Amino acid sequence: MEFKDLKSAWNTYSSQEVDKHHLGKESIHELLRTRTKTLVDRIDRNLRIGMGILLAFIAYVILDSLFLSEFMIKEPIQYPSWMYPLDIFSNTLIVASYLFFVIRYLKIKRNFSVDLQLKDFLNGILDTLKTYRRMFYLAVIILLINMIVSFSAGLYQGIKYNFSNLPGGMENFTTSKMLLSIFIGLAVLIPLIVLTFFTLRWGFNKLYGRYLDSLNETLKELDESGMPDERIHQL
Amino acid sequence: MEKEFLHIITENQGIIHKVCSIYCDSEEDRRDLFQEILVQLWKSFPSFRNESKFTTWMYRVALNTAITSFKKDKRQPDKSGIAYENLHLAEELYDTGTDDQIKILNKAVSQLTGIEKSIILLFLEDKKYEEIAEITGITQNYVRVKMNRIKKKLKVLMNSEV
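In the order they appear, the protein sequences are chains A and B. Read in order, the letters of the first sequence are residues 1 to 235 in my numbering. Read in order, the letters of the second sequence are residues 1001 to 1162 in my numbering.
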């Protein structure tokens, strides 16, 4: 089949298809009225929901470290001194990352439209999805830092409480017992963190991973740098 | 504005149907994609500023939506299995009726990638390289290169359908 035959076959086929599926103004209006969310709308909605949840979570973490724990637990909590800088550092990092994320999201949204040229449109979707992924990992990091800090504080408090009730107090907490506590703590904490991280990552990849790959592949296909040299010379 | 939009879309709906024909296998997918394209056109309509032809703008929105559609294409082409250079392109084998030609064309096109489908659609619609480049955002030279590759690929795919 020559390509002129191909065009002729396509014209016949496409005319048949257009006639078969032709819709009146009313039907088109009805389709618009009953519209569902498009992919871009869904990603955008998920991002905004995610931002809200993340903001609430950040507020909770900061309020908890500043007021809540002391207010709710009558017995004063004494964290080891090395935990304070870690706490301040993690909170600052979280707030800064969140602000960076929001600014980036607003910037992408302002320059993004479906009627852009395909390449720019693909880049726009990819940027949005990558921002979403970044936000997701930010949430995971906050959760993990929170888990580590809470777990360490709980372990420290537990040990302190148990040994302070014994005659001799903390002097009974020998180096070997301290090493054993650290070992047990890490043995529980590390699998917990690894499991949480990989479960959440798996969930995200399951939802958007293949789609991201496919968009990247499409963008790569549009990349003219992949054009073989001999073809360039023939042009 | 809605009246104007409905009028202009009703007049040019063939573009959306053609895009749906080339990207969808089932009626259900086709309906979903048609609606998604329609919604995207409606949402972008206020930003249309006559900088390009309306049909060019419409093709751009429709193809962008189809190519980035979330539904996974179940029939990904197996690029590794095609050795263009070693195959004899026996065009003379094709002496079939229009219906058969349509079936062969459909089956072959369904195995192209999203970008290839958009370029072949625009080519079949007699669009010039300049307009194809304007819609896709790639240069005219690269459109030519892609078109040559797609033609070869289609010949191989259609040969295997005979």
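Take these hints with a grain of salt, some might be off.
Claimed, not checked - In the BS3-like style, the derived pairs of lysine-lysine whose C-alpha atoms are separated by at most 25 Å in a straight line are: (1) A/K119 <-> B/K1003; (2) B/K1043 <-> A/K7; (3) A/K119 <-> B/K1103; (4) A/K7 <-> A/K20; (5) B/K1003 <-> A/K7; (6) B/K1043 <-> B/K1107; (7) B/K1155 <-> B/K1128; (8) B/K1103 <-> B/K1043; (9) B/K1103 <-> B/K1153; (10) B/K1152 <-> A/K7; (11) B/K1128 <-> A/K220; (12) B/K1151 <-> B/K1127; (13) A/K7 <-> B/K1128; (14) A/K160 <-> B/K1155; (15) A/K130 <-> A/K119; (16) B/K1003 <-> B/K1043; (17) B/K1153 <-> B/K1127; (18) A/K4 <-> B/K1107; (19) B/K1152 <-> A/K4; (20) B/K1155 <-> A/K220; (21) A/K130 <-> A/K20; (22) A/K220 <-> A/K107; (23) A/K25 <-> B/K1155; (24) B/K1107 <-> B/K1053; (25) A/K220 <-> B/K1003; (26) B/K1153 <-> B/K1128; (27) A/K119 <-> B/K1043; (28) A/K130 <-> A/K4; (29) A/K4 <-> B/K1128; (30) A/K220 <-> A/K206; (31) A/K4 <-> B/K1043; (32) A/K109 <-> A/K119; (33) B/K1128 <-> B/K1152; (34) B/K1053 <-> B/K1103; (35) A/K4 <-> B/K1127; (36) A/K107 <-> B/K1043; (37) B/K1153 <-> A/K7.
These are calculated hints, taken from the structure and not from any lab test. Quick caveat, the model's predicted, so the values are computed rather than measured.
_Hint numbers contradicted by this structure_ = 1, 2, 3, 5, 6, 8, 14, 21, 23, 24, 25, 28, 31 and 34
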